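FYI, the numbering for the sequence shown is 1 to 418, going by the working numbering.
Quick caveat, the hints were computed from the structure, so don't treat them as lab data. The structure displayed is predicted, hence computed values, not measured ones. Idealized CB from N, CA, C, for every residue including glycine. Check before you lean on any hint, since a few could be wrong.
Unchecked claim - The calculated label-pair distances, taken between Cβ atoms and stated as ranges, are:
| id | residue 1 | residue 2 | range |
| --- | --- | --- | --- |
| 1 | K31 | R71 | 31 to 37 Å |
| 2 | H118 | R71 | 16 to 22 Å |
| 3 | R206 | L55 | 21 to 27 Å |
| 4 | L117 | A74 | 18 to 24 Å |
| 5 | P28 | L143 | 37 to 43 Å |
| 6 | H175 | V211 | 21 to 27 Å |
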Amino acid sequence: MAVVAAPRPLTGAVLLLFVSAAWGSAFPLMKDLIHRLPVEDLLAERYLLAGVTLLVLKPGCLRGLARHTWRNGAILGVMFGVGQAAQAVALHSLPSSVSGFAVGCSVVITPILALILHRTKVQRQIWAGVVLALAGMTVLTLLRGVEQHEVSLLALGLTLSAAALYSGHTLLLAHLTKKAGGFPWYPLTVLQLLTIGLLTGTVAVRDGISVPASGPDWLIMAHLSVVSCALGFLARAYGQAHVPAVPSQILMSTQPLWVAAIAVIWFHEELTGSMVVGGAMMAGATLLALQTGNAAQGKEHRRRDLLAIRGRAGMVLADLKIKREDPLRLEGGPAPYIAKSACANTAVCPWHTRSLKGGGEPSLERLIARATIIVQAKSLPGLGCCRSVTLLGRCLCDLMEQSGEVHTTALHRWFRSE
1 MAVVAAPRPL TGAVLLLFVS AAWGSAFPLM KDLIHRLPVE DLLAERYLLA GVTLLVLKPG
61 CLRGLARHTW RNGAILGVMF GVGQAAQAVA LHSLPSSVSG FAVGCSVVIT PILALILHRT
121 KVQRQIWAGV VLALAGMTVL TLLRGVEQHE VSLLALGLTL SAAALYSGHT LLLAHLTKKA
181 GGFPWYPLTV LQLLTIGLLT GTVAVRDGIS VPASGPDWLI MAHLSVVSCA LGFLARAYGQ
241 AHVPAVPSQI LMSTQPLWVA AIAVIWFHEE LTGSMVVGGA MMAGATLLAL QTGNAAQGKE
301 HRRRDLLAIR GRAGMVLADL KIKREDPLRL EGGPAPYIAK SACANTAVCP WHTRSLKGGG
361 EPSLERLIAR ATIIVQAKSL PGLGCCRSVT LLGRCLCDLM EQSGEVHTTA LHRWFRSE
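Can you make the complete structure from the sequences, with help from the hints?
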């Protein structure tokens, strides 16, 4: 099982920016390919090829996985797969700029969901990054001009629902990275991709599966599968282990910036003022996300260090703990007796201190046996009955001697000679 060790915010940020660039490059390619390939077929083939590619690169990645890892991978795949299907279906009835802006609204939905579901306090710096990212997205999409295309409210609602699912996917993935026992980012990515492929393939198989008919279409499919899905999902899973959820979403919301950059570099579009302003806003949001991610990861790392130190200190204190021995040990065997001569002066007898309360024999059987010995010792000459160790035995001995001298007392009936 793969384990993500010490936080590396800069590495995570670079990977998440790569995810944004990979997904941004896939957006125009996918919009072009759905005119020649059904949406369900495109999604099924894209994600199945991505999952199989990762499985071929690491065949034993799914061996010995825990049950909760399979469950989490399936849930993440369903969430993202339904969002992809809804976005692709709505793309027929929405301009690309409107669709891109609606999907980018996940940057606002993510902190709201984090506040509602996890009671996560959103810092002002994070909100500033969210506002900057949304403003930059608006400039790069809507203000650049909307194509002459009718906007369907149903399609817009589907795209916003897909954005909400993407936000939930981000929060769940961030939650899984914090669980004890390590974060299996590679097998979890494979499970997600295969789940999305099987989910969309179940819908696509009803009318038969269509495949790309030309070489360029296969190249587009390869880019969508290997670069955007396989590498993109891997980079996202590993990157989110080092950057918190909301800053991660801010970094991944820079897709319109990469789309604009690709349009200028590869398709030789004119660089406009809206691109420059939107890009500057996106860059500011990225910087805020990096600073917030570094601060959050630093606090989390310090908290884990303190917990580890506390655990080690507890173990050391437990090893140094002195166990007291019980001074009152009850020894077995017959009751001890001393010589007759010791009874001449009971104040100096060794057993006198043991005759105090609590120092006697706790066993009722021993008490009865001691009383029997004392009664039997009455007939012995001298101080035979005073050989008893306990205070009770000495008291009974004194009472028996008094009963022998004073016959008029009430004790005469109980301690008379046969």
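Hints, verified against the model:
1. K31 to R71: 31 to 37 Å: holds, 34 Å
2. H118 to R71: 16 to 22 Å: holds, 20 Å
3. R206 to L55: 21 to 27 Å: holds, 26 Å
4. L117 to A74: 18 to 24 Å: holds, 20 Å
5. P28 to L143: 37 to 43 Å: violated, 18 Å
6. H175 to V211: 21 to 27 Å: Violated, since H175 and V211 (Cβ atoms, about 37 Å apart) do not stay within the stated range.
Comparing the model with each numbered hint stated earlier shows that hints 5 and 6 do not hold.
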